[in-house]
Amino acid sequence: DTAVSQTPKYLVTQMGNDKSIKCEQNLGHDTMYWYKQDSKKFLKIMFSYNNKELIINETVPNRFSPKSPDKAHLNLHINSLELGDSAVYFCASSPLPQGGSEQYFGPGTRLTVT
Amino acid sequence: EDQVTQSPEALRLQEGESSSLNCSYTVSGLRGLFWYRQDPGKGPEFLFTLYSAGEEKEKERLKATLTKKESFLHITAPKPEDSATYLCAVQDRDSSYKLIFGSGTRLLVRP
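Line by line, the protein sequences give chains C and X. Residues 88 to 201 in our numbering are what the first sequence spells out, letter by letter. Residues 3 to 113 in our numbering are what the second sequence spells out, letter by letter.
The set of hints was computed from the structure by calculation and includes no laboratory data. There may be inaccurate statements among the hints.
Computed spacing ranges between beta-carbons, pair by pair [claimed, not checked]: (1) PHE129/C - GLU62/X: 43 to 49 Å; (2) ASP41/X - PRO95/C: 18 to 24 Å; (3) SER22/X - PHE129/C: 18 to 24 Å; (4) LYS71/X - LEU183/C: 22 to 28 Å; (5) LEU110/X - ASP125/C: 18 to 24 Å; (6) PRO156/C - SER30/X: 32 to 38 Å; (7) THR28/X - PRO95/C: 35 to 41 Å; (8) PHE129/C - ARG63/X: 40 to 46 Å; (9) GLU62/X - THR89/C: 21 to 27 Å; (10) GLU62/X - SER126/C: 43 to 49 Å; (11) LYS59/X - ILE142/C: 25 to 31 Å.
Taking beta-carbon pairs under 8 Å as the criterion, some of the chain X residues facing chain C (in silico) [claimed, not checked]: (12) ALA86; (13) THR87; (14) LYS100; (15) GLY106.
Which residues of chain C face chain X? A partial, calculated answer using Cβ under 7 Å [what the hints assert, rightly or not]: (16) LYS128; (17) PHE129; (18) PRO156.
From the three backbone atoms N, C-alpha and C, an ideal C-beta is built for every residue, glycine too.
Looking at chain X on its own, in the form it has when it is part of the complex (with noise of 0.2 Å):
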């Protein structure tokens, strides 16, 4: 059964701190990977792809990276308004439409 775990479950940073968030992931076979940011009480926002092992994908301060069982979403120097929850996602080649969604990273980055 495809499962997708993320952690840590909350992280608190100083601004400017950077660090990763992991999201580990079993699938019979991966078709996409995929990072969203959700703030409360909105919809998660599409962030990346990634679709096979060693693709790194960048957006001003994050930066994703795959390998055939994890993803990092490291973030350099954040900023308050990374402030977010973070989540990862997997959809395998087997239902290809379906997302399997991770319970999320919540970030919280004081200044």
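Chain C with its partners taken away, still in its complex shape (with noise of 0.2 Å):
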């Protein structure tokens, strides 16, 4: 039974293109998130949601949108895609609309942009 699932492991594209990531959470959590990890390991919010409202914007370039149809799924469409956006990108849910809680991860998906 996967909790927090991403859709593609793995996205290789060049630059200038635009690309979707997906992500299902199966667990009921009212709250999800996008981080960014770079290559020096270090995990980075970019976005939340909660009950598909957004509520966390962090320092992101316009580029970067998520999207949430339903609070199961948080999607994040990026537009003309930069070298620096090589990372990996992990989603997260947790249970709880205020902070406290755990946050739990999928797998991510690796983006590299040639």
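With the hints as a guide, bring both chains together as one complex.
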């Protein structure tokens, strides 16, 4: 039983293309997140949605746009991909809308921009 | 600004050799401190949440402790399967949805 799933696992694309990463959780959680893990392994929050409402929008280029069709799904669309976008992107979810609850992570999507 | 620093960056142990990983943090008000384990090519796996100084949590060979400025992850008699990167993260009361992560400690346990 996969709790938080992401597709695709690997994504190789050229500069300037537009791509999407999908995330789904079957834990019944209300809050979902996107994180970026760079080559130095730092995990940094990008976005968070609580019950389809955007609650965190860190300093991320406008080329990144999250979309939450329902509270079990949070997709990430990236326009005009750049070399610096290469990283591993993790989706996560948590059970409580307020803080203090642990977050559960998906397996990650390794994005390589050439 | 919230900050998390983990040390050492990498740690090599012999099987059975106990040790500790450190996580120093700076937050305006701590809502929670979290420990995660990350295996290569996988997402972080939740281990512990600590909420207040003096709190301790245990799971198998792992024990996490918390003070007002740092947390320790003690590994007792480690086994090769404990090899992974251990990540520490904090949640600030003022930005309670965000986890601020440290860069992790890469642990290698040799048989």
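Right, here's what the structure says about each hint:
At about 27 Å, the CB distance of PHE129/C to GLU62/X disagrees with the hint of 43 to 49 Å. Judged by the Cβ atoms, the range 18 to 24 Å given for ASP41/X and PRO95/C holds: they are separated by roughly 20 Å. In this structure the hint that SER22/X and PHE129/C lie 18 to 24 Å apart at CB holds, the actual value being about 22 Å. Checked against the hint of 22 to 28 Å, the C-beta distance between LYS71/X and LEU183/C comes to roughly 26 Å, which is consistent with it.
Roughly 22 Å separates the CB atoms of LEU110/X and ASP125/C, a value that falls within the hinted 18 to 24 Å. Restraint check, PRO156/C to SER30/X: a C-beta distance of roughly 35 Å satisfies the suggested window 32 to 38 Å. A beta carbon spacing of about 37 Å between THR28/X and PRO95/C agrees with the range 35 to 41 Å that was offered as a hint. Take PHE129/C and ARG63/X: their Cβ atoms lie about 27 Å apart, and the range 40 to 46 Å is violated.
Range check, GLU62/X to THR89/C: Cβ separation about 24 Å, and the 21 to 27 Å hint holds. Under the hint 43 to 49 Å, the C-beta atoms of GLU62/X and SER126/C, about 31 Å apart, miss the expected range. The hinted window of 25 to 31 Å between LYS59/X and ILE142/C holds, with their beta carbons roughly 28 Å apart. For ALA86/X, the shortest C-beta to C-beta distance to chain C is roughly 12 Å, which exceeds 8 Å, and the interface hint is violated.
Given the 8 Å rule on beta carbons, the hint for THR87/X holds: about 7 Å separates it from the nearest Cβ of chain C. The criterion of a C-beta within 8 Å of any C-beta in chain C is met by LYS100/X, whose closest approach is roughly 5 Å, and the hint holds. A least Cβ separation of about 6 Å between GLY106/X and chain C falls short of the 8 Å threshold, and the interface hint therefore holds. Taken as an interface hint, LYS128/C checks out: its beta carbon lies about 6 Å from the nearest beta carbon of chain X, inside 7 Å.
With 7 Å as the threshold, the beta carbon of PHE129/C comes within range of chain X, its nearest partner Cβ sitting at about 5 Å, so the hint holds. Proximity of PRO156/C to chain X is violated relative to the hint, the smallest CB-CB distance being about 20 Å (cut-off 7 Å).
In terms of the numbered hints stated before, the structure departs from hints 1, 8, 10, 12 and 18, listed from lowest to highest.
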